[in-house]
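2 protein chains.
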Amino acid sequence: MKSYFSSDFKLGVLGGGQLGRMLLSETQKLDIYTVILDASAEAPCAQICNEFHQGDLLDFETVYNFGKKVDLLTIEIENVNIDALDKLESEGLEIYPKPKDLRIIQSKASQKLFYTDNQIPTADFSRYTSLEELKHSVSNEAITLPFVWKSARFGYDGNGVKIVRSLEDLEQLPNVECISEKLIPFKNELAVIVARNKDGETKTYPVVEMEFHPEANQVEYVICPARIEDAIADKARNVALKVADSFDFIGLLAVEMFQTEDDQILVNEVAPRTHNSGHYSIEASYTSQFEQHLRSILNLPLGNTDSKLAGIMVNLVGAEGHTGDVVYEHIEDILKIDGVTPHIYGKKMTKPFRKMGHVTIVHKDVAKAREIAQQVKETIKVISK
Amino acid sequence: MKSYFSSDFKLGVLGGGQLGRMLLSETQKLDIYTVILDASAEAPCAQICNEFHQGDLLDFETVYNFGKKVDLLTIEIENVNIDALDKLESEGLEIYPKPKDLRIIQSKASQKLFYTDNQIPTADFSRYTSLEELKHSVSNEAITLPFVWKSARFGYDGNGVKIVRSLEDLEQLPNVECISEKLIPFKNELAVIVARNKDGETKTYPVVEMEFHPEANQVEYVICPARIEDAIADKARNVALKVADSFDFIGLLAVEMFQTEDDQILVNEVAPRTHNSGHYSIEASYTSQFEQHLRSILNLPLGNTDSKLAGIMVNLVGAEGHTGDVVYEHIEDILKIDGVTPHIYGKKMTKPFRKMGHVTIVHKDVAKAREIAQQVKETIKVISK
Chain B
1 MKSYFSSDFK LGVLGGGQLG RMLLSETQKL DIYTVILDAS AEAPCAQICN
51 EFHQGDLLDF ETVYNFGKKV DLLTIEIENV NIDALDKLES EGLEIYPKPK
101 DLRIIQSKAS QKLFYTDNQI PTADFSRYTS LEELKHSVSN EAITLPFVWK
151 SARFGYDGNG VKIVRSLEDL EQLPNVECIS EKLIPFKNEL AVIVARNKDG
201 ETKTYPVVEM EFHPEANQVE YVICPARIED AIADKARNVA LKVADSFDFI
251 GLLAVEMFQT EDDQILVNEV APRTHNSGHY SIEASYTSQF EQHLRSILNL
301 PLGNTDSKLA GIMVNLVGAE GHTGDVVYEH IEDILKIDGV TPHIYGKKMT
351 KPFRKMGHVT IVHKDVAKAR EIAQQVKETI KVISK
Chain W
1 MKSYFSSDFK LGVLGGGQLG RMLLSETQKL DIYTVILDAS AEAPCAQICN
51 EFHQGDLLDF ETVYNFGKKV DLLTIEIENV NIDALDKLES EGLEIYPKPK
101 DLRIIQSKAS QKLFYTDNQI PTADFSRYTS LEELKHSVSN EAITLPFVWK
151 SARFGYDGNG VKIVRSLEDL EQLPNVECIS EKLIPFKNEL AVIVARNKDG
201 ETKTYPVVEM EFHPEANQVE YVICPARIED AIADKARNVA LKVADSFDFI
251 GLLAVEMFQT EDDQILVNEV APRTHNSGHY SIEASYTSQF EQHLRSILNL
301 PLGNTDSKLA GIMVNLVGAE GHTGDVVYEH IEDILKIDGV TPHIYGKKMT
351 KPFRKMGHVT IVHKDVAKAR EIAQQVKETI KVISK
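So the protein lines, in turn, are chains B and W.
So for the first sequence, the UniProt record's numbering puts the first residue at 1; every next one is plus one.
So for the second sequence, the UniProt record's numbering puts the first residue at 1; every next one is plus one.
Just chain B, same shape as in the assembly (with noise of 0.2 Å):
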């Protein structure tokens, strides 16, 4: 077996945000060498890491001088050059998760069609090349009002999906490629995370919940294990696991799924990394999201994905009205209420809604740790100084 600890070996990571940062806790657990790439000096990683490359993940030559590097190469990003990594695997280099599937789960229209071919659930779906090709399904009611918008690259964390309700929204959206999705009535907007070896070894985390705020329509808690019935909760692993394995995916497969009113289970979009609604399992399993990641990149054996304890996450978000240096305000407050972790991702400044870390609470009773989360959401502030 390759030695991978203490070793010559080098990991390779394309993106140095917090989901790199949290990687690295658990390469330097292992003593695993590990290079990142990230377009900014100023990034989570760049300090901690072994080695520290600046430079833009989507130029291809950046991308495939970096590969030329390290002997492995993964990301915490998907938005990077595919073409790079495409000339980087054919000479030879391991790279996981594949670049093909990177470039299928990169768009969501080939995502969405991936879907489709392979008999996976979704909601109803149509592309197209433009926003002009857009409207016209619609004058041509092709298409009806309402439904949903979707940006078909670069969107994340509800970025690039919009609700049109009136030709007046339509006339909001930007030029791009997009797709047009059904708009499904959902109880429970729910998420499995799948890890997949090289050797085909493959677990399934828990099913988590996402809570949304009642107005905001913004996530306000990953819950887990989701507070759904356990036939549900089987019918979700398994759809999670019918993605990955149509994928023949290696590395860690995050998957949105609707439940919705009639309690079928859609596909909503996948992301092919370590993910926000897994976060939860540095305190609550017996193996992080992050160390499982590895685990599966490098054709180690999979860890216990089951949990110690009931996990709650909260994402500590800029407050409206404050950009500049960042304070934590009540940070102590929260301190004292036990079994609560706050992440703090090394971000300097803060501006409105930016993602500057998370809070996970962990209890023996799920309902008491929901509680908890909510005094904590409603203490600490994320502020300027």
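Just so you know, the hints here were simulated from the structure itself, not pulled from any lab data.
The C-beta atom is built at its ideal place from N, Cα and C for all residues, glycine as well.
Warning: the hint list may mix true and false statements.
[To be verified] Distance condition first, Cα-Cα at most 25 Å in a straight line; then the derived PhoX-like pairs of lysine-lysine:
{"#": "1", "chain 1": "W", "residue 1": "K336", "chain 2": "B", "residue 2": "K242"}
{"#": "2", "chain 1": "B", "residue 1": "K351", "chain 2": "W", "residue 2": "K2"}
{"#": "3", "chain 1": "W", "residue 1": "K368", "chain 2": "W", "residue 2": "K187"}
{"#": "4", "chain 1": "B", "residue 1": "K355", "chain 2": "B", "residue 2": "K377"}
[Unchecked claim] Partial selection, computed: residues in chain W whose CB lies under 10 Å from chain B:
{"#": "5", "residue": "Y328"}
{"#": "6", "residue": "D333"}
{"#": "7", "residue": "G357"}
Following the hints, put chain W in place on chain B, whose structure we already have.
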């Protein structure tokens, strides 16, 4: 309140070994800028802290100048230049643990005097400025064989401790300041970590048990919780608390104790820092000892010291007959077992008995964890290429 997180605040740490490395995992989680001083450019912390300085921890000027660069100073090893710390403290630098406590603890002779001065139960002892003085006491029959000899300074991990059973044993000892201690037959060796912050908030971790190899007289397993009666555990926690309170300690204090044949608790020695006996806490506790160390020295509220699960730690030490570039043989076999987490300290060279890492085993049932720990110990080998 002072802002420590993503701020200009600089935490200084004297020592950059594995304890520092595990502390960095927590300073990274909270984005606390951390500056490390260590004699070796190859120290486990060197590459992954925010700022690394190379220098001798026992040199006055080096430690003093380092202290001038930081806002608060702590240690990960107690063998540092205390005169420099005294001067820095007198000039207003916050240093935790306090230099006066480090001075007492640095010498086993002054540690023992401290226990007797504060009515803390400990084995009877005598102190000697040299080996000649000790030999004189033996020939005078002021002390009788067998007894325990301890070097007053720079002992660690059983180093600097010998049982003297014969006059020949006496001849093998180095000529240094030392103590002799009554040889106490004991049932168990126990340890309790106490955390205390500047406000005087105090918490104790559960009692752990050091299980020794039946022949080799070496700690094989650290087991939490200790498999002892509740009344004994309460007594041990109370003794540990009394030690910390007597020091008016700030930081983490690891108190090692003997449970004698007649169920007395005697303090063996203390370490003014995170400790090998608390490594299990990373996976098993609500708050790891490393996070707790930060909370205590920064005068933050202390975290919950309860365990999520039973935890057992196995040290990974270099195998006999192996010196050179390290390989962790069969690590993939232990990764197959649920609840098993290896920690690799990042030392490139192994040599016999060098501490290279540890493995934590967590399980709901401590007896089952103990079985798995044995399996782990019998499987993984730290060898050279």
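request  = Starting from B:K355, check that the Cα of B:K377 is at most 25 Å away, please.
outcome  = 14 Å, holds
ask   = Can the restraint linking W:K368 and W:K187 be considered satisfied, given a maximum Cα separation of 25 Å?
value = Holds: W:K368 and W:K187 sit about 22 Å apart, inside 25 Å.
query = Do the alpha carbons of B:K351 and W:K2 lie within 25 Å of each other, as the hint requires?
reply = 21 Å, holds
key: Given hint B:K242 paired with W:K336 - CA-CA distance at most 25 Å   = Cα-Cα ~24 Å, so holds.
ask   = Was the hint right that W:G357 lines chain B, CB cutoff 10 Å?
value = 8 Å, holds
key: Proposed interface contact between W:Y328 and chain B, which counts if any beta carbon pair is under 10 Å   = The hint holds - W:Y328 has a Cβ within 10 Å of chain B, the shortest such distance being about 5 Å.
key: Per-residue hint verdict: W:D333, partner chain B, C-beta under 10 Å   = 8 Å, holds
When each numbered hint is compared with the structure, no violation occurs for any of them.
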